[in-house]
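**Q** Okay, here's what each chain looks like letter by letter:
Protein chains: 2
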Amino acid sequence: MTHQQRLDGHRAQIETWLNECFQEREPRGDLYDAMYYSLLAGGKRIRPVLVLETCRMCGGDPAAALPFAGAVEMIHTYSLIHDDLPCMDDDDLRRGRPTNHKVYGEATAVLAGDGLLTAAFETMLELPPELPPERALAAAGLLARAAGGRGMVGGQVLDMAGEGHSLSLAEVEELQRLKTGALIAAAAEMGCIVAGGTQEQRQAVRHYAERLGLAFQVRDDILDVVGDEATLGKPIGSDARSEKTTFVTLKGLDACRTLVKRLTGEAIEALAPFGGEGGALCWLAEQLAGREK
Amino acid sequence: MTHQQRLDGHRAQIETWLNECFQEREPRGDLYDAMYYSLLAGGKRIRPVLVLETCRMCGGDPAAALPFAGAVEMIHTYSLIHDDLPCMDDDDLRRGRPTNHKVYGEATAVLAGDGLLTAAFETMLELPPELPPERALAAAGLLARAAGGRGMVGGQVLDMAGEGHSLSLAEVEELQRLKTGALIAAAAEMGCIVAGGTQEQRQAVRHYAERLGLAFQVRDDILDVVGDEATLGKPIGSDARSEKTTFVTLKGLDACRTLVKRLTGEAIEALAPFGGEGGALCWLAEQLAGREK
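Protein sequence lines, in the order shown, are assigned to chains A and B.
For what it's worth, UniProt numbering labels the leading residue of the first sequence as 1, then goes sequentially.
For what it's worth, UniProt numbering labels the leading residue of the second sequence as 1, then goes sequentially.
The shape of chain A in the complex, shown without the other chains:
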């Protein structure tokens, strides 16, 4: 099995799980339509893939980690819906499709986000019969910390506050560490927790994911300047229009390309303790470093 086949297998499992996650719920106006619309919009599924693969790398059954992988993707999706709202980034387009509030209206978009955030916890807390309750609590608690005011939501507040001001490199790093890095790092560590991995394994994948998350964001900033709109599925230049300080405005394109390479190398190094078992995630880091969307 190639690295790509392994990760594609995870991705297929996740798509199936996400497609079925709200099947048993009653229709409730267009709430679940709006939740599904964004959840099934076909993102890269990096976070849930990390959950499943680190679970496997630590000797666990990836299937046991599926509700946790799904929960991370629900939280990522809710954050995109709320970020796109008119009172936030006011975006009309996401992954080549109209944003949630453009299709369902603002009120339903707010509630779809609230519903996804809540469903993430509902999913994780449904007492899976085989999983020791301590592990479920630890993994869900880790995700809650990463998603809240000391993590993703805190990063979004810094992001809104930073618009129209110039930020220092340290401030941009802190903002991105919270806004995108915290959830990616939590995803990687949750898979280990579900598998019952050691502290050393948890630290290694966390270190990997922190470097990966930062590289991902720097690449995002590069693509917002030199990317292809059709490939990206959204207009470029949005950072400039909202006067955001980015890695590119601070360091320039060339230095950013070098930085992505350095961070990717550090991410790969962090997986050394896993030997060959870390191969798929090394491959993923290299893929993301060169991505065009």
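Source of the hints: derived by calculation from the structure; they are not laboratory data.
Take these hints with a grain of salt, some might be off.
No distinction is drawn between identical chains; accordingly, a pair holds when it is met within one copy or between any pair of copies.
Here are the simulated lysine to aspartate or glutamate pairs, DMTMM-like style, with alpha carbons at most 25 Å apart [unchecked claim]:
no. : residue 1 : residue 2
1   : K102      : D91
2   : K261      : E171
3   : K102      : E163
4   : K102      : D90
Knowing the structure of chain A, use the given hints to seat chain B on it.
**A** Just chain B now, kept in the frame of chain A:
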């Protein structure tokens, strides 16, 4: 100790806990200010009081239930912040003070709601050393189900969808069962779960809380017609302005007053298995039936 003193004691514990819940968190723009603004706006604290008192009634230590009581109040508070947004009910005043988005702006109000919802789970999942993890998982899972699309968020969707249409009595009951009833019933049951109460005890307090929640909502509809604006801290007549079908529009004031009495009687009856230990919650049901705010 009188019933009132017992419940006032719970309320004081809750206020202290809520005042201190974000002390160790870093300042993050005005996010925590906005979260505290609404969390400490001085509501009746019915839901967290239910958590602590049912915990005590089932032989548990109310202090062990404090994080769960606080979590319910955080979720109730986040729902008020999001409900008041311009794209939802567009309210300027809540408990006699400007609504969250009027003070902090819409973007921060959305994020303060998201932050409170996430903090509720963070709080419950912090692995309290004495509590068996199965109980923490069960109580947090119950709250997640009650707060999501099959509970409170689903009720809010029905509420938005119902504006400007006339609903049947069954539709209004279903809407209120989800929008306000689900969280109140979960609060009561969570205290039992934390205490390790029996299935019979859980069923009894759930039945009590369902009747109490419905009585509460009917009384709310009455007060929106005949209440005193200064006492309520908000304008009356808001249901009529947004063309909402309420228990009063469906049944009239007199029948609603009778209904509140009947539901309150049923709530009190449901606590019979607890004998004298149920006294404080019986007293609470009677207080709420006659409330003017």
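**Q** If a hint holds in the structure, say so; if it does not, say that too.
**A** Against the structure, the hints come out as follows:
no., hint, result
1, K102 - D91, "both (9 Å within a copy, 23 Å between copies)"
2, K261 - E171, "within (22 Å within a copy, 58 Å between copies)"
3, K102 - E163, "both (23 Å within a copy, 20 Å between copies)"
4, K102 - D90, "both (10 Å within a copy, 19 Å between copies)"
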